[in-house]
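Asker: One letter stands for each residue in the lines below.
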Amino acid sequence: MSDSIQKQKESLAALNEDYESKYGFSDPVDYFHKGAKGINHEVVEMITKMKKEPRWMADIRHEALDIFLSKPMPAWGDIKLINEIDFDNIYYFMKPIENQQNSWDDVPDYIKKTFDRLGIPEAEKNFLGGVSAQYESEVVYHSMKEELKEQGVLFLDMDSALREHPDIVKKYFGTIIPMTDNKFAALNTAVWSGGSFIYVPPGVQVTVPLQAYFRINAENMGQFERTLIIADKGARIHYIEGCTAPTYSTDSLHSAVVEVLALEDSNIRYTTIQNWSRNIFNLVTKRANAHARSTVEWVDGNLGSRLTMKYPCIQLLGEGARGEILSVALAGTDQHLDAGAKVIHVAPNTSSRITSKSISKGNGRASYRGLAKVHKNATGAKLAVECDALLIGEEARSDTYPTIEVDAKNVAVEHEARVSKVAEEQLFYLTSRGLTEDDARLLIVNGFMEPFTKELPLEYAVELNRLIELEMEGSIG
Amino acid sequence: MSDKSTLFKFDNISVTVEGKQVVNSVSLNIKRGEVHAIMGPNGSGKSSLSNALMGHPAYNITNGQAALDGVDILGMAADERSRAGLFLAFQYPLAIPGVTVANFMRTALQAHRGKDADMADFRKLFKKKMADLSIDPTFATRYLNDGFSGGEKKRIEILQLSVLDPKMAILDETDSGLDIDALKEVSKGINEYRNNNNAVLMVTHYQRLLNYVKPDFVHVMMDGRLVTSGGPELALKLEDQGYEWVEKEFGQKAEA
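Going down the list, the sequences are from chains A and B.
Going by my numbering, the first sequence opens with residue 7, and the numbers climb by one from there.
Going by my numbering, the second sequence opens with residue 751, and the numbers climb by one from there.
No lab work stands behind these hints, which were simulated from the structure alone.
Some hints here could point you the wrong way.
Said to hold, decoys possible - A few chain B residues facing chain A, derived, Cβ under 8 Å:
(1) 806
(2) 811
(3) 824
(4) 829
(5) 840
(6) 843
(7) 846
(8) 848
(9) 862
(10) 864
(11) 867
(12) 899
(13) 900
(14) 910
Stated by the list, open to error - Below, simulated DSS-like cross-link-like pairs (lysine-lysine); rule was C-alpha separation at most 30 Å, straight line:
(15) B:759 - B:877
(16) B:877 - B:865
(17) A:460 - B:877
(18) A:86 - A:427
(19) A:43 - A:101
(20) A:460 - B:865
(21) B:903 - A:427
(22) A:57 - A:86
(23) B:964 - B:759
(24) A:151 - A:427
(25) A:460 - B:903
(26) B:770 - A:460
(27) A:77 - A:58
(28) B:987 - B:964
(29) B:759 - B:770
(30) B:877 - B:917
(31) A:58 - A:151
(32) A:460 - B:878
(33) A:119 - A:86
(34) A:382 - A:427
(35) B:865 - A:427
(36) A:131 - A:189
(37) B:759 - B:874
(38) B:917 - A:427
Note that the Cβ used here is the ideal one computed from N, Cα and C, for glycine as well.
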């Protein structure tokens, strides 16, 4: 029996606040720069000028804006909800402070307080190799441990990376997710700001996670961070991102683009714990290219938001590359989480595993939408897709839209999909041992999530279980 | 035996499941330190009685009273009955994927002793009980009943019994699906649990468990009624002659 479970349990017992008080607060901010609402070429030009970007980036932004404006809204997913987004009623760029800081002491108090409440400086001290904290459009705090710098690891916000390493950025920006990929990728490319840039040199093993935290504070805010992670040959990196926002009556938009490149023999794990408030539209494009013998893992935890549409993708481009996507979604009342995964096998002897777990409760709706494709040359590919849905209550809804296309020979495919309800018999079994019905239900849900939570660093597993507990609290009559 | 006080007493218990009567006016008085066995053919209502007494929401007690240590339990939900000291070892224990045996046991013990209970103490207790029941320590980190064999599940039920140490244990077909070695281990666990302050009610189709856990009283259930009672010799007679004679002798009475 491990102490970690014990610690987890204690943390769960000790904490009993709700989203409102823990994350739902907002700061009254005197922004350094707050543009006007709406999107056009002037806004794009203002962003690129304020950032003093090279012309080639400005050109990319303008081109992307034209693509965004010309592309129709997606005709799939939750069409009704997604069309509620009012692009004219969104701030596309808000700069909270003039300059980024690398000491928490220099970050304005109200912002520092926010991240204190979210536990970021504490986590940084205890177990992280580096931290980036983004507030609205820009990263306000950034630091990385000296020894990582000495090993040549680059961990910067994307804006700084463009200034300090323009060649690398220019070489890779938009190569994994082109601006034409989808309407929201185009939008992000036009107005991107902040996000993380990581480069790990050949053979360097980063054993402590690097973390970025994304906080939306303002109402009707659009957050468009842009992240690029490159693990050079034989390198290893674990990147973690967390997201929260205050609760407002009108909606905000979070539309990130994340490009991940795993060169030969490298290993990248990308962990997300998003816990957006229920007024956030979360439309994110994440894709990784995995070269020969490399491993890419997306560990993707989705709580909160009004609508999430997110399908982390791995393109297995080199022989022997391996991809794993492990995602969970918890859809509460009035929420739709349309999450899934994509794996594209291009090279021979590549392998992938998709594990998707969703919980729907109240009238919440969780959808799994997945694509597993094996191209003609990817002989000997192995892929496994497992979808597991848990329904709580009579109105909860779960849908599965799996697509598997195999064009190669000698391919092993496993596919499993299950939908279960928290069974009366299970509840009776646990309550007959003295657990209240709420505790019994929570234990079943935590157990259902366990294959996911056990992949998280302990601190995050505790946090996730606590979030689930909050979501579950009093949710059932 | 006359100096022993009543621990668990139920009177005229009737139970329906989905409107169908499955237990008909059953009464029993169990004193501290006693072992009772209810035997009966399949479908006689034994398991329904056990589930109803534990508070299964699908088993509706339409009539009767039940008191544990003088406290009425019928108004209580299953978890309250558990915390009051009642225990049911399940005939078919359910799997709870993702929840380890250790985590589950700790959560259950905390439910009984309060969240501030000494967990160092729990670790010791849990380890010792696992060893007593010859349960491989790796079971602590396995998911509860997930992929366990029938025998492993029953051992884990008895592990729960010995960790929670209830006043009153109802064991529903605990011997079913056990090979002889497992039966001995499980019986040993039950015997170690027993003392002068608690009591056991075994519900079983066969008498073989009763070779290892000696009952003071044997009751026979037919068609939802307790039709006859006796000592251990009654179990032997059932083993020897089957249930046919019971049916002949009491069947009509049960239908009446």
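Asker: Next, verify each hint and record whether it holds.
Answerer: Hint check results:
1. 806: holds, 5 Å
2. 811: Violated. Min distance 15 Å.
3. 824: Status violated, d = 15 Å.
4. 829: holds, 4 Å
5. 840: holds, 7 Å
6. 843: With a closest approach of 7 Å, the residue 843 (chain B) hint holds.
7. 846: holds, 5 Å
8. 848: This interface hint holds because 3 Å falls under the 8 Å limit.
9. 862: Hint holds; residue 862 (chain B) Cβ to chain A Cβ min 5 Å, cut 8 Å.
10. 864: Violated. Min distance 11 Å.
11. 867: violated, 11 Å
12. 899: This interface hint is violated because 18 Å lies over the 8 Å limit.
13. 900: Violated: closest Cβ of chain A sits about 16 Å from residue 900 (chain B), beyond 8 Å.
14. 910: Result: holds, 7 Å to nearest chain A Cβ.
15. B:759 - B:877: Answer violated: residue 759 (chain B) to residue 877 (chain B) is near 34 Å, above 30 Å.
16. B:877 - B:865: Between residue 877 (chain B) and residue 865 (chain B) the Cα gap is close to 20 Å, so the pair holds against 30 Å.
17. A:460 - B:877: holds, 23 Å
18. A:86 - A:427: holds, 27 Å
19. A:43 - A:101: holds, 14 Å
20. A:460 - B:865: Judged against 30 Å, a Cα distance of about 24 Å means the pair holds.
21. B:903 - A:427: With Cα atoms ~22 Å apart, residue 903 (chain B) and residue 427 (chain A) stay inside 30 Å; holds.
22. A:57 - A:86: violated, 36 Å
23. B:964 - B:759: OK: residue 964 (chain B) and residue 759 (chain B) at ~21 Å, within 30 Å.
24. A:151 - A:427: violated, 46 Å
25. A:460 - B:903: This hinted pair holds, its Cα atoms lying about 24 Å apart.
26. B:770 - A:460: At roughly 45 Å apart (the allowed maximum being 30 Å), residue 460 (chain A) and residue 770 (chain B) break the hint.
27. A:77 - A:58: holds, 28 Å
28. B:987 - B:964: holds, 15 Å
29. B:759 - B:770: Holds. Residue 759 (chain B) to residue 770 (chain B) sits at ~24 Å (cutoff 30 Å).
30. B:877 - B:917: holds, 22 Å
31. A:58 - A:151: holds, 28 Å
32. A:460 - B:878: holds, 27 Å
33. A:119 - A:86: Cα-Cα ~37 Å, so violated.
34. A:382 - A:427: Violated - the C-alpha atoms of residue 427 (chain A) and residue 382 (chain A) are around 39 Å apart, more than 30 Å.
35. B:865 - A:427: holds, 28 Å
36. A:131 - A:189: Violated. Residue 131 (chain A) to residue 189 (chain A) sits at ~39 Å, over the 30 Å cutoff.
37. B:759 - B:874: With a Cα-Cα distance of about 34 Å, the restraint between residue 759 (chain B) and residue 874 (chain B) is violated, given a limit of 30 Å.
38. B:917 - A:427: With Cα atoms ~33 Å apart, residue 917 (chain B) and residue 427 (chain A) exceed 30 Å; violated.
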